[in-house]
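Heads up: the sequence lines are chains D and B, in that order.
Per the numbering used here, the very first residue in the first sequence carries number 86; after that it's consecutive.
Per the numbering used here, the very first residue in the second sequence carries number 17; after that it's consecutive.
Keep in mind the hints are simulated off the structure, nothing from the lab.
A few of these clues could be false.
Unchecked claim - DSS-like cross-link-like pairs, simulated, lysine-lysine; straight-line CA separation at most 30 Å: (1) D:K88 / B:K226; (2) B:K31 / D:K216; (3) D:K216 / D:K92; (4) D:K151 / D:K174; (5) D:K215 / B:K31; (6) B:K226 / D:K92; (7) D:K174 / D:K163.
In this text, all values refer to a predicted model and were calculated from it rather than measured experimentally.
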Amino acid sequence: MKKYIVKRLFLLVPTLLGITFITYLMIRLAPGDYTKLQLGMEGALKSGSISKEILEQEKKLYGLDKPIVVGYAEWLWKFARLDFGTSRKDGRPVAQRIADALPITLTLNIITMIIIYIISIPMGIISAVKKGSLYDRFSSLLLFVLYSLPHFWIALLLLLYLGSGEYLNLFPLGGIHSDWAGGAGPLVRFLDFCWHLVLPVITLTYAEFAFLARYTRANMLEVINQQYIMTARAKGLSEKKVVFVHAFRNSLIPLVTLMATLLPGLLGGTVIVESIFSIPGIGMLSFEAILSRDIPVIMAITTIAAVLTLLGILLADLMYSLVDPRIRLEAKL
Amino acid sequence: MRRGYWSGVWREFRKNRLAVAGLGVVLALIAVAVLAPLLANNRPYCYVTEGKVYFPIFYDYQELRDKDLRKDEFRGFKIFPPVRYSYSEYDLNSIVTGPGRRHLLGTDEQGRDLLARMIHGSRVSIFIGFIAVSIYVAIGIFIGSIAGYYGGWIDIVISRFIEIVMCFPTFFLILTILALWGPSLLSVMVVIGITSWTGIARIVRGEFLKLRETDFVVASRAVGARDLWIILRHILPNALAPVLVSATFGIASTILIESSLSFLGFGVQPPTPSWGDILSQSRDFMDFAWWLTFIPGFAIFITITAYNLVGEGLQEAIDPKSPGR
């Protein structure tokens, strides 16, 4: 086990270098001169004098006047010390802006993730156990439909019917705090926060939970057909015990790894959801950065997101080897 | 032998009524996309007047230019397409009108006919889906077959590379590249193509690893066949079925990505209509023009569902044991 972890960590190094190098290449290979690229941008820095100084700073940050390998090495060293440069938009350090936005997105994603697992696992299990029943067929169809619904559309419809005054005015149109909640107590502010998150969380949840429930069902069905399940039934265990102790625990294995692959998907999803609901998280920050060509912010977020995903995959692999002894014994990649 | 395999798959596929319905929808959508200029156009197919025969939809006649043949002042025999509006034709007298007899699905803020725009917008979704998926299937097959066939250090290097590309949040990577390179139809397709091939590559690699040890491959190698021949002739045809399934699901998700990009304003640029773009424009009128929000979203939803149904049907037809995805 120890050997496996060490090997995994060791293999992490080339992957990390690869990820950062590809990100760095994107800025090196962007068409046109870097300065020219900036001239086309919109936003506060259009006026001449400040922008020139900032551009020089950024050129230095990315080592654009140096050979590609040297520039990359220097940028990586700065990156490792969390020096991402300054944002074009407000001149604040990029690290600061990301630190402000990250907790909001993480909160949103963690809540979403918990709800996804709470709903989809029981749903998938019941479907698998009662395969072919009316419930199974109905829920399969429902999940299929949910899975295919574009979430920007659902977000708009939710806003239209539940958020705007036209139909029902149940939820706020966007943001994460009401103006009036500023001076209120912590409990009220927390409730206000939750109230703002209802629609975004619904939007983020439904597609992923549809995916996960179908996935759970497929895994359960695979496990249920195994011989050890037949053995468990044959020795007279109650159906409850067979399902929850013997089948479910084994079908859990792929669900663990899935968490890592769901994460980058959720991050991509938050770009749309956060910009529709104007939630000041990473998604909205990156969307605004892309609109205003705030390159230091874009570069930092892309790299951080890729590194986080990589760590997610690593964590999933390690958990995988913890829950599944077969992997541990083989310890092969 | 191969023909026997695929006709068997088709026989299984046909048993699944939902999948067949999905295939029908997909074929209908392709037909609509291909025939879009013939389905929604403000010029007639055929116009007969004063002994002359015109085909205004196919040729640009000097004497008929800038003339609205739909008006009654142009007498004669006219055959019009089902939708008598073009996608860019605006009419400021009927801005944001609801679905009705004149405009079946209503109009947008410039008085453009929504049905005409939806018909022409289907081209973007359908073609981007096909082309982007073709690009990444080709890349995926190429990289995956090299890794799987040769194995060893080549496989290790390629697998690492696949892992690296997989780590990037695809949607965000696409946005970044589009922001640096500038949005256009071509860049959307290419960017989706070069970022999404990892799934196919992994599938092909796995199939190749399995198949390269089979007797018929070993036999072929023993009689001195070249690597390229073995790969193309013996292994690849046997590895294609799961690729096809994945590609079908891939088209669905590409259409979703394209419409999301258009929705955010990074997709196809106006005046070319696309469903995501129409939906995004509708945001300003959402509270009173429900059709502008509802219809494009519904079209995207139906298209994605149809492709997913076909994909699932194929998957079950190829591997009858597989219990759904």
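Here is how each hint holds up against the structure:
no. : hint            : verdict
1   : D:K88 / B:K226  : holds (28 Å)
2   : B:K31 / D:K216  : holds (19 Å)
3   : D:K216 / D:K92  : violated (42 Å)
4   : D:K151 / D:K174 : holds (26 Å)
5   : D:K215 / B:K31  : holds (22 Å)
6   : B:K226 / D:K92  : holds (25 Å)
7   : D:K174 / D:K163 : holds (21 Å)
In this structure, the one hint that does not hold is number 3.
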